Structures are given as structure tokens and as C-alpha cells.
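Undergrad: Quick note, the sequences are listed as chains A and B, same order.
Just so we're aligned, residue 16 is where the first sequence starts under the numbering used here, counting upward by one.
Just so we're aligned, residue 16 is where the second sequence starts under the numbering used here, counting upward by one.
In case anyone wonders, no lab produced these hints; they're calculated from the structure.
Hints may contain errors.
When chains are identical, the list treats them as one kind, so a pair holds in a single copy or across two.
Calculated cross-link-like contacts (lysine-lysine; reagent style DSSO-like; alpha-carbon spacing at most 27 Å) [to be verified]:
(1) Lys72 - Lys363
(2) Lys37 - Lys370
(3) Lys311 - Lys62
(4) Lys196 - Lys363
(5) Lys359 - Lys274
(6) Lys102 - Lys128
(7) Lys363 - Lys18
(8) Lys29 - Lys92
(9) Lys223 - Lys409
(10) Lys409 - Lys346
(11) Lys249 - Lys69
(12) Lys351 - Lys18
(13) Lys72 - Lys92
(14) Lys324 - Lys265
(15) Lys274 - Lys430
(16) Lys346 - Lys92
The structure displayed is predicted, hence computed values, not measured ones.
Number of protein chains: 2
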Amino acid sequence: MGKNLTKRAEDYSKWYNELVVKADLAENSGVRGCMVIKPYGFAIWEKMQAQLDKMFKETGHENAYFPLFIPKSYLSKEASHVAGFAKECAVVTHYRLKNAEDGSGIIVDPDAKLEEELIVRPTSETIIWDTYRRWIQSYRDLPLLINQWANVVRWEMRTRLFLRTAEFLWQEGHTAHATEKEAIAEAEQMMNIYAEFAEEHMAMPVIKGIKTESERFAGAVETYCIEALMQDGKALQAGTSHFLGQNFAKAFDVKFATKEGSQEYVWATSWGASTRLMGALVMTHSDDNGLVLPPKLAPIQVVIVPIYKGEEQLDAISDRVAPLVKELRSKGISVKFDNRDTHKPGFKFNEYELKGVPVRLAIGQRDMDNGTYEVARRDTLEKETVNADDVVAKIEFLMEDIQRNIFQKALDHRKTHITEVNSYDEFKEVLENKGGFVSAFWDGTLETEEKIKDETKATIRCIPIDAKDEVGSCLVTGKPATKRVLFAKAY
Amino acid sequence: MGKNLTKRAEDYSKWYNELVVKADLAENSGVRGCMVIKPYGFAIWEKMQAQLDKMFKETGHENAYFPLFIPKSYLSKEASHVAGFAKECAVVTHYRLKNAEDGSGIIVDPDAKLEEELIVRPTSETIIWDTYRRWIQSYRDLPLLINQWANVVRWEMRTRLFLRTAEFLWQEGHTAHATEKEAIAEAEQMMNIYAEFAEEHMAMPVIKGIKTESERFAGAVETYCIEALMQDGKALQAGTSHFLGQNFAKAFDVKFATKEGSQEYVWATSWGASTRLMGALVMTHSDDNGLVLPPKLAPIQVVIVPIYKGEEQLDAISDRVAPLVKELRSKGISVKFDNRDTHKPGFKFNEYELKGVPVRLAIGQRDMDNGTYEVARRDTLEKETVNADDVVAKIEFLMEDIQRNIFQKALDHRKTHITEVNSYDEFKEVLENKGGFVSAFWDGTLETEEKIKDETKATIRCIPIDAKDEVGSCLVTGKPATKRVLFAKAY
Numbered sequence: 016m017g018k019n020l021t022k023r024a025e026d027y028s029k030w031y032n033e034l035v036v037k038a039d040l041a042e043n044s045g046v047r048g049c050m051v052i053k054p055y056g057f058a059i060w061e062k063m064q065a066q067l068d069k070m071f072k073e074t075g076h077e078n079a080y081f082p083l084f085i086p087k088s089y090l091s092k093e094a095s096h097v098a099g100f101a102k103e104c105a106v107v108t109h110y111r112l113k114n115a116e117d118g119s120g121i122i123v124d125p126d127a128k129l130e131e132e133l134i135v136r137p138t139s140e141t142i143i144w145d146t147y148r149r150w151i152q153s154y155r156d157l158p159l160l161i162n163q164w165a166n167v168v169r170w171e172m173r174t175r176l177f178l179r180t181a182e183f184l185w186q187e188g189h190t191a192h193a194t195e196k197e198a199i200a201e202a203e204q205m206m207n208i209y210a211e212f213a214e215e216h217m218a219m220p221v222i223k224g225i226k227t228e229s230e231r232f233a234g235a236v237e238t239y240c241i242e243a244l245m246q247d248g249k250a251l252q253a254g255t256s257h258f259l260g261q262n263f264a265k266a267f268d269v270k271f272a273t274k275e276g277s278q279e280y281v282w283a284t285s286w287g288a289s290t291r292l293m294g295a296l297v298m299t300h301s302d303d304n305g306l307v308l309p310p311k312l313a314p315i316q317v318v319i320v321p322i323y324k325g326e327e328q329l330d331a332i333s334d335r336v337a338p339l340v341k342e343l344r345s346k347g348i349s350v351k352f353d354n355r356d357t358h359k360p361g362f363k364f365n366e367y368e369l370k371g372v373p374v375r376l377a378i379g380q381r382d383m384d385n386g387t388y389e390v391a392r393r394d395t396l397e398k399e400t401v402n403a404d405d406v407v408a409k410i411e412f413l414m415e416d417i418q419r420n421i422f423q424k425a426l427d428h429r430k431t432h433i434t435e436v437n438s439y440d441e442f443k444e445v446l447e448n449k450g451g452f453v454s455a456f457w458d459g460t461l462e463t464e465e466k467i468k469d470e471t472k473a474t475i476r477c478i479p480i481d482a483k484d485e486v487g488s489c490l491v492t493g494k495p496a497t498k499r500v501l502f503a504k505a506y
Numbered sequence: 016m017g018k019n020l021t022k023r024a025e026d027y028s029k030w031y032n033e034l035v036v037k038a039d040l041a042e043n044s045g046v047r048g049c050m051v052i053k054p055y056g057f058a059i060w061e062k063m064q065a066q067l068d069k070m071f072k073e074t075g076h077e078n079a080y081f082p083l084f085i086p087k088s089y090l091s092k093e094a095s096h097v098a099g100f101a102k103e104c105a106v107v108t109h110y111r112l113k114n115a116e117d118g119s120g121i122i123v124d125p126d127a128k129l130e131e132e133l134i135v136r137p138t139s140e141t142i143i144w145d146t147y148r149r150w151i152q153s154y155r156d157l158p159l160l161i162n163q164w165a166n167v168v169r170w171e172m173r174t175r176l177f178l179r180t181a182e183f184l185w186q187e188g189h190t191a192h193a194t195e196k197e198a199i200a201e202a203e204q205m206m207n208i209y210a211e212f213a214e215e216h217m218a219m220p221v222i223k224g225i226k227t228e229s230e231r232f233a234g235a236v237e238t239y240c241i242e243a244l245m246q247d248g249k250a251l252q253a254g255t256s257h258f259l260g261q262n263f264a265k266a267f268d269v270k271f272a273t274k275e276g277s278q279e280y281v282w283a284t285s286w287g288a289s290t291r292l293m294g295a296l297v298m299t300h301s302d303d304n305g306l307v308l309p310p311k312l313a314p315i316q317v318v319i320v321p322i323y324k325g326e327e328q329l330d331a332i333s334d335r336v337a338p339l340v341k342e343l344r345s346k347g348i349s350v351k352f353d354n355r356d357t358h359k360p361g362f363k364f365n366e367y368e369l370k371g372v373p374v375r376l377a378i379g380q381r382d383m384d385n386g387t388y389e390v391a392r393r394d395t396l397e398k399e400t401v402n403a404d405d406v407v408a409k410i411e412f413l414m415e416d417i418q419r420n421i422f423q424k425a426l427d428h429r430k431t432h433i434t435e436v437n438s439y440d441e442f443k444e445v446l447e448n449k450g451g452f453v454s455a456f457w458d459g460t461l462e463t464e465e466k467i468k469d470e471t472k473a474t475i476r477c478i479p480i481d482a483k484d485e486v487g488s489c490l491v492t493g494k495p496a497t498k499r500v501l502f503a504k505a506y
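For reference, chain A alone in the conformation it holds in the complex (with noise of 0.2 Å):
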């Protein structure tokens, strides 16, 4: 199709960086690890926010924003949560540039060093909790349900854009509760949020499922996740949710007035998605000519694109295009007429291949003469000629069944990539030549799970909430097991 992307076949990591920037998406900047989402990516974040948003405000939480800083104290305070992000945060110590007295340039100002470090926050749940110690006295102020969406920051070694960068934009939410059980059913309410956001909206179907300890967020005292599969055959944890118990209120003395009036501590939750969304979008269903994308994030669901020889055809087709236009944005479908006079025809049909737009309209001579449209869906590539007359309810069924159609191939490729084995060697050989999840026993030993992450590079990617319980043996160990856990090797 000439837009000279590597296949996924020779290659999904490169095909995977290439289509990101050529579709326009994002790409890397000057500065280390850290990416610039372009226009049009942009625009795919913006659906999945208002859409999240919303979600989270029909749940009864509010938005709320705190400082992008977190002292070094604060982030110390939460001992297996500083452990977590100590190694890869970026530290700010000096609040000055001065001009080098021998003329070599801008320098530090050596003079204005903070007295105490500040940390860019990689998560905020330490800032937050310092916040809701002067928020919270009653019960009566709780539960506190509030979200911020915001830029944390991690300093990875090796990123990727979207899937692992150095800056992030997400939303993390941070509730407080009066009972544990309040505050789990929170947690388990936003873990099913993020698999509905995934599987109605982006077309992604997601297993639920709780960390283990070791893959658990830090601080938490239970993880649950989303998990999703790529079309190599890689996992990639999707969103997930944090049951915190009274940690952070432990360490932050946190402490609220009950109805009986004793004082307790205050139980947590915090939960997250982030624009690695964006990457698990592009890598769920793209292929070899670009992005597909779900008609309810495409910023353009229907292009129309007019095939013209000089300016009176054009306007001849101008005419009829118009109000066609109207009546489909009269209905909440975002079209793009692209009436550029410096691109042909082709040109474009390639650009909004590669750029995922559900559903492409071509008019020329021969439709104008007959009343119709050519009608080509991104996701099978078909083409079809279709009456004027009939063209917005066929761009109606469209919408709907392109969503339905890759949500549904999403979850054949997925099915066909969950395989139960009851040997490591079977194990070992699934991983190998077929990849995607990997159903066995487990033995519930952190020495067995780390063995097997060495020996494979497969980690246990969660245990499913819907797992039976079953009788079995450890596929390394033979200890008595009572459920499979997915493993996969993951993004």
C-alpha cells in the first residue's frame, strides 16, 4: 500500500514503533525517555479521557489536583511504597539558573539549593494522603471519592512511546473510606470500570484479575488489574486497582471519628490508566497498513474523500457532499471532507488507512452520475457501492459493527491464546512457539514464581476473579495447587 511499514510479521516491535509515529501519534523528543503526543493522538486520549471521566463521574467521584512535588520526606514515610519508585524518580534540588561568572553560559546556581529535595511525583498517593489528614475528621466526610488526571513522572532506562516513557499522563484516583469492606468493593468497582472502558470502548477484551504479592503496587495490600493481549502474543496490564488497607492512613495518621465515636483509621484505594492505553489501543487492532481504530475513540469516523478533475467537478461534488455532511454530524459522527487540492486520490486513501478512520467514502464521476458512494471499512479493507439514499444508515450499521467486529476478532485471537498446560516443559514449549497466556497451577511461592520468571521471562500476569477452585499440582514443584494463574511474557 506504499506507506513503507515494516510487517508485523518480520518485525511487531519495529512495525509497532514505525506505525506510532507515522500514523501521527507521538514520537520521541530532545528530552530523555520523555515523548510528545501529537495532534492527532491527542485527540484519541481526549475520547479516552471524557469517556473515562465520565465513567468515574456517573461512580459519584470528583476531580480534584495536587502538587506535581512530593517532598522526600513524604515519599519516605510509606516504607514498601518509597522502595518502589526510590530508583527511577527525578529529583528537583535547585530553584535557580545564573548566568557563569566566566562567561560559559547558564549554570546552577550553587546558592539556591532547596533545603529539603522535592520529587517529581511517579504516583501521588503520598501527597494526597498528607491532604486528607486536615480533609477528614468524621465519618461524615467520608467516603472521599476524587480523581486527578495529571503527568507523573518514572525514570525508566528503556522506554517506549506509550508503553513505557519517562513522563506519562494519567488519571490516578484516591479514595478514603470508613469500612475495609467499603474500600475493597471500590476497588473491585474501578478494576470492572476499567474492563467495561476497555472492552465497549476500545474494543479490547480484558481479563480481571488480582496481582500477586510480588507484582502487587507498592503499598498496596491487594492489587487488582486488567490484563490484555497483543496480537504478538504479548501481555499488557491494562489499568489496575489498589486496595491500600490503612497503610497510607497509617503513615500519614489518617484517623476519622466513627458514629460511636472512637477514632480509626481510614481505609484506602487508589487506582489508575494511563496513555499506555494508547499503546495497547494501536497494538490490539493494527495491521501491516496502519492503525484500526474502534469508531467510538476515532477522532474521524467517516472521511469522504472527492475523485475530481478540475474545480467545477469538485464543486459539483462539494454540492452534494454537504449536506450529507451535515446530516451525519446532525447525528454525532465526526466526518472529515477532504477537498485539498494538494493531494491526490490516493495519497489520501493511504494516509487515513494509516490513520485508522473507520470508514472512507469516495465520490467521483460515475457516483455522481448513478446517486451513489463508494464505502470502503478500515477493519476488512472491503469496499462496497452504496445508494445516496442509503448511505447514512449504512454509515450508522458501520459504526456499530466495525466496534463490534475487532472487539470480536480481539477476543477470537484472544481465545485461541489461552492454553491450560499441566507440565513445565509444555509450559516452556506454549510460551515458545505459540506465546499469549498460559494457564497453570501454581504452587503460591514467590521462589517458584521467580524461578520461572528467570528461566522464561513469563510472569504470573494475574489470578483470574473468575478462576474455579480446582485440585492440582505446581507445574515447577508439584505442591498442591487450588488455582490456574495466567502467566505470559508481558509489555
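Take the given structure of chain A and dock chain B to it, following the hints.
TA: Same frame as chain A, but now just chain B:
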């Protein structure tokens, strides 16, 4: 009214600080100079964002996202730009923490020093123009019309909630054009959009003008601004739009091929408005009872307070109120029915006055018997009894009338606080006793501007766009002058 709010006449500054906290807009955090924007304050900011974002998109701008960090060498590339920001920037020098070997706690790892220090963006011209070099090759790539919603950091030593904080939220537009004329038109357009937003949505009258050289943005050729007047007679800059000439294109070597095939530097603008607008909103309309919010930006536009004894009466009132709530919401009016049984009506009345809810409905047994509501408007504190059949129409009227009325009130205040003076004595007398804008002839020199600033603390807020050409003489030097400029003490 029992709100324990300092009166404006007693101490305006204290009134403001108290009100921002008591009305749940924002509070200081444990991080020096950084605020926490609380849910109610953030809900107002979200309304501002949504409206501005709509206006930007309607004028062809797209959102994107650029890195938080700026390498020191980038910031240094435009000489006047770095001079303007070097003195107040947060500098990241390290990327890791570790446990101190003596067990004294967590310390910055001296082995994890960055090769080049990173500045937390105080504004993004440099990182963006470094990116634009890759995006712009030809006249076909222009204009490039981009906006970013982001957090920025300027290490201010004296901070005040919303008005001046070390970290703040803002949007920054960065556009690139083929011609000087087009760039100037863009900068003017964005000033006009800010003015329209301020007047029609914030109900805050503003004066459009250009800044003198000394007040210009660091790196700009011309700075356009909108200036508002607060109730205490001090001015507040509420948005700026800069024509940057080719300064950043030259610093970052961004050239484009013209239609004719020559290589030329690109012309630029940038423009921004920030959470400072929240401070302006509070100080423009609010009174000794609390916030007064324009209906267009109020998170809750109508609150309904039931006055009842016992559950049975509350149920009856709830039944009466339910269809009204539904009808108002269907008209896009945000309504809260406050049926909390933990607080008395008087407490609720106080709370919603403090929070500036534009319209309050109360309904008790007498209203139930008579088929009425008590309707109170926040701006004038007037109350009246309205027939249930007329209440929707009344509320719709009030949404418009309150918006109009508070704008008119602010406009009247400003009109009586623009004083033309012709001598320096008169100038000082007006500044001292009346405040507001002082309109005076100025000889155009930096020297005179600084003398006036040193002696009176008044700065030239702007040279109004609509200033007439006149013949006059400078109020300090007596030298010939052709335009009156506006002086004021300012936030």
C-alpha cells in the same frame, strides 16, 4: 451570616485568602508555594477549560502534549527568554534516591546525576520550537495551530492561592505561520477570544491592550493582554497573547520552503491563560457573604433546600421536587437537591451563599400548601415567593439575569475607576485615595515608567487597543505624548 469571613472593607487581602479556603476552592499544600485545588474549585476550572477549549477548537486549534522537562541548553537558546525565566525555575539534577549507607534514611543518590540538568517547564516555547523544527518543512505545513493544557512551575518567592503559585495549571497556545501578518492576526485573535471568554463567561469586563516593552513576555516582539479590575481597585492581567516574530524560529532554526521555493524563518505566536483566572473570578464578583459565581461557570446552578420535620414531610417534599429537578436537568441546568439530614436549613443556606450558588430554592410546609417555592438569588440576596408553575421560567430568567447583572455591576465599578489625570500630583492622589486605572500621557521611555513604578508602585497595565491619538504631554517629564496609557497597581 455566621460565616466568620473577614469583611472586604476591613482587609481585602485577608477576605480573599479566607474565602478561597472556606468556599472549598483551594488550599496551601505541604509543598512550598504549591496549592491543592479542591473539588469545588476544580469543578469551576473544568468549566473554564471546557469553554476555552471549545473556543480554541472552533478557531482551528488542536491539542497536543509536550515534555514537562526542558534541557537547560534549550532554555538558553533564546537570550531574552532565559533571562526572563532563569531566576525562578525548578531544576532536576538527579534521577534516583537510595538508602543512606549510615542508615539515616533516604538520600539522593550522588551516582545518579544527570549529564544535563532539566528545567521543569516555566512555559514551553523552547521545547515546542525544538519539536516544530521536525514538523515544519514547507508552506504546506503551515499554519500550525497547537494548544497544550499543562502544569508549569515558576519558583515564586511570595505566593498566594491562584494568584501566584509555584506550580499552576494553564493552557499555552503555540502557533507557527508563513507570514508576519498572519501571526499578528493570530495573536490579536487570541486576545479577542480571551476577552470574549472573560466578559461572556466570567462576567468580568476587561480592557484589551498591548504591553510596554518592559512588561512584555521574555522573547516576544509584542504582547497583547486583557486587564481586569478587582474590587479593591487593583488590576489583574487575565490573559496574554504574544507575537514572537521569528525569535524562536531563529533560535531553533525552524525554516520553511515558501511556495516560490525560498527558505524562510517561521513566524510565531504564543498565548496563555491560567488558574489565575480563578483568583480573578473570586475577586471580581464575590462579597462579604462569600462567593458570587456567574451561572455559566457555577458547578451547581440551582440548589433546592427542603425545610421539614420528620421523614414523612421530607418524602412529600421530595415527591414535589423530583419532576422539577428532572425538568431543569433536561434544560441543561445543574441542580442539587440537598436532602442531607445531618445539617439544618440555616446551615445549608449559609453554605450555598458561601459557595456562590446562583439560585437557591427553599420549600417548606407553607410552600407545599400554597404550591410555591421561595426563590433567592445570590447576587442581590433578594428573595421572593414563586408559583410552582412559574418556577422553571423564573430560574431560566435568573440564569441570564444574574450573569448580566454581575457583569454590569463589575462594568459600572470599572467605569467609575478609570480616571483621566493630567498631572503627576493628581496621578498620585487618585492612586492613593481611589485606586483603579489611571489614564495618563506617558513619554514612552523606560526611564519614566520605572520612576513612576518606584515612586507609586503603579505599572503601565497596557496601551489600550482603542486608545485615541491625542496631543498631550507626559505627566512626569512634560515631553510630548500621543496616547493615554493605563496605569494601576496590580496583582
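Undergrad: When no copy is specified for Lys196 and Lys363, does a C-alpha distance of 27 Å or less occur within a copy, between copies, both, or neither?
TA: neither (55 Å within a copy, 31 Å between copies)
Undergrad: Under a CA distance limit of 27 Å, which applies to Lys363 and Lys18: within one copy, between copies, both, or neither?
TA: within (12 Å within a copy, 63 Å between copies)
Undergrad: Measure nothing new, just compare the shortest in-copy and cross-copy C-alpha distances for Lys223 and Lys409 to 27 Å and report within, between, both or neither.
TA: neither (35 Å within a copy, 50 Å between copies)
Undergrad: For the identical chains here, do Lys346 and Lys92 meet the 27 Å Cα criterion within one copy, between copies, both, or neither?
TA: neither (53 Å within a copy, 49 Å between copies)
Undergrad: When Cα atoms must be at most 27 Å apart, do Lys274 and Lys430 count as within-copy, between-copy, both, or neither?
TA: neither (49 Å within a copy, 55 Å between copies)
Undergrad: With identical chains treated as interchangeable, where does the CA-CA distance between Lys409 and Lys346 reach 27 Å or less: within a copy, between copies, both, or neither?
TA: The answer is within: 13 Å in one copy meets 27 Å, while 32 Å across copies does not.
Undergrad: Give the relationship of Lys311 and Lys62 under a CA distance limit of 27 Å: within one copy only, between copies only, both, or neither.
TA: Cα proximity of Lys311 and Lys62: in one copy and across copies (8 Å, 24 Å).
Undergrad: Under a CA distance limit of 27 Å, which applies to Lys324 and Lys265: within one copy, between copies, both, or neither?
TA: Neither. Shortest intra-copy (73 Å) and inter-copy (40 Å) distances fail the 27 Å Cα cut-off.
Undergrad: Under a CA distance limit of 27 Å, which applies to Lys102 and Lys128: within one copy, between copies, both, or neither?
TA: both (22 Å within a copy, 13 Å between copies)
Undergrad: Treating 27 Å as the Cα threshold, decide for Lys72 and Lys92: within, between, both or neither.
TA: neither (31 Å within a copy, 44 Å between copies)
Undergrad: At 27 Å max between alpha carbons, let me know whether Lys72 reaches Lys363 within a copy, between copies, both or neither.
TA: between (39 Å within a copy, 23 Å between copies)
Undergrad: Measure nothing new, just compare the shortest in-copy and cross-copy C-alpha distances for Lys29 and Lys92 to 27 Å and report within, between, both or neither.
TA: neither (42 Å within a copy, 34 Å between copies)
Consistency note: the structure conflicts with the earlier hints numbered 4, 8, 9, 11, 13, 14, 15, 16.
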